[in-house]
Amino acid sequence: GAVVSQHPSWVICKSGTSVKIECRSLDFQATTMFWYRQFPKQSLMLMATSNEGSKATYEQGVEKDKFLINHASLTLSTLTVTSAHPEDSSFYICSARDSGALNTEAFFGQGTRLTVV
Amino acid sequence: AQRVTQPEKLLSVFKGAPVELKCNYSYSGSPELFWYVQYSRQRLQLLLRHISRESIKGFTADLNKGETSFHLKKPFAQEEDSAMYYCALSGGGNTPLVFGKGTRLSVIA
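The listed protein sequences derive, respectively, from chains F and D. 723 is the number of the first residue of the first sequence in the working numbering; add one for each residue after it. 85 is the number of the first residue of the second sequence in the working numbering; add one for each residue after it.
Next up, chain F with everything else stripped away, as it sits in the complex (with noise of 0.2 angstroms):
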């Protein structure tokens, strides 16, 4: 089936600095991914849909300052936190269903575990 990629899989940061996680759709193009939140023995929280070429759409209660969606290409979504604190430490997961597919499944990546120190 198939694939997306996430990188990194796992990244520590310090407090302040800024990390930026790729999501990649390696052989199927995505006009729209989906972040996804997961914190620990809870379920994927719904965080922003970003659309290539576009603004993202961010849920309610997400800030958009912080957390930076660009999706700059048919194949490659980024989410950048930025000034990370602690508290955004959890597994961040992308997902993308192909675009040119009707009734296709969504695709998940990896995941990216991000702690920040």
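Worth flagging that the hints you see were computed from the coordinates, not collected in a lab. Glycine included, each C-beta is placed from N, C-alpha and C at the ideal position. Among the clues, some could well be false.
[What the hints assert, rightly or not] Derived list of chain F stretches under chain D, where covered just means 3 residues or more per stretch with a C-beta under 8 angstroms from a C-beta of chain D: (1) 744-757; (2) 805-813; (3) 827-839.
[Said to hold, decoys possible] Quick list of simulated restraints, FRET-style, between CB atoms: (4) G822(F) <-> A85(D): 30 to 36 angstroms; (5) S114(D) <-> F761(F): 26 to 32 angstroms; (6) P808(F) <-> R87(D): 25 to 31 angstroms; (7) E809(F) <-> S139(D): 28 to 34 angstroms; (8) E809(F) <-> S110(D): 35 to 41 angstroms; (9) P808(F) <-> T89(D): 15 to 21 angstroms; (10) Q162(D) <-> S821(F): 35 to 41 angstroms; (11) Q86(D) <-> F813(F): 18 to 24 angstroms; (12) S190(D) <-> K788(F): 36 to 42 angstroms; (13) T739(F) <-> S136(D): 27 to 33 angstroms; (14) P159(D) <-> K736(F): 50 to 56 angstroms.
Using the hints, position chain D against chain F.
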């Protein structure tokens, strides 16, 4: 409002026993329902979707619109079924998935 409820955080069954993971949803319209599975140290992957009406790895799920449920069933559990199971819905097209909190299935030998 869109909501997916999985009432059980953990479900333990013996190998060979029947399994039912419950899922109820709330949605104003006709949603698409899915079951995703996450095995240990692996990414989320699709197990079932209601529009396919198929059986995967022995699992089936029937959409009951009257009860707004999409329970996942398997007649005989196997040890390799041990994983985290998430029920999810979407509004169709390219809309995002809304997930339940997940149920951890543990199959005991």
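Exercise. Can the suggested window of 25 to 31 angstroms be confirmed for the beta-carbon pair P808(F) and R87(D)?
Worked result: holds, 30 angstroms
Problem set entry | Range agreement (Cβ of S136(D) with Cβ of T739(F), hint 27 to 33 angstroms) | Violated - the Cβ-Cβ distance for T739(F) and S136(D), about 45 angstroms, lies outside 27 to 33 angstroms.
Exercise. Do three or more residues of the region 827-839 of chain F come closer than 8 angstroms to chain D, measuring C-beta to C-beta?
Worked result: Satisfied; 6 residues make the cut.
Exercise. So does S114(D) sit 26 to 32 angstroms from F761(F), Cβ to Cβ?
Worked result: For S114(D) and F761(F) the Cβ distance comes to about 31 angstroms; the hint holds.
For this session: Go ahead and decide if the range 35 to 41 angstroms is satisfied by the Cβ distance of Q162(D) to S821(F).
Result: holds, 36 angstroms
For this session: Examine the region 744-757 of chain F for residues whose CB is less than 8 angstroms from any CB of chain D, and state whether their number is three or more.
Result: Contact hint for the region 744-757 of chain F vs chain D: holds, 3 residues under 8 angstroms.
Exercise. Has the hinted range 36 to 42 angstroms been met by the Cβ atoms of S190(D) and K788(F)?
Worked result: holds, 37 angstroms
For this session: Hint says 15 to 21 angstroms; check whether the CB-CB distance for P808(F) and T89(D) agrees.
Result: violated, 31 angstroms
Exercise. Between P159(D) and K736(F), does the beta-carbon spacing fit 50 to 56 angstroms?
Worked result: holds, 52 angstroms
Exercise. Within the region 805-813 of chain F, is the number of residues with a Cβ closer than 8 angstroms to a Cβ of chain D three or more?
Worked result: violated (count 0)
Problem set entry | CB-CB spacing for S110(D) and E809(F) relative to the 35 to 41 angstroms hint | Since the Cβ atoms of E809(F) and S110(D) sit about 29 angstroms apart, the hinted range of 35 to 41 angstroms is violated.
Problem set entry | Outcome for the supplied range 30 to 36 angstroms, where the beta carbon pair is G822(F) and A85(D) | holds, 32 angstroms
Hints 2, 7, 8, 9, 13 from the list above are not met by this structure, while the remaining hints are.
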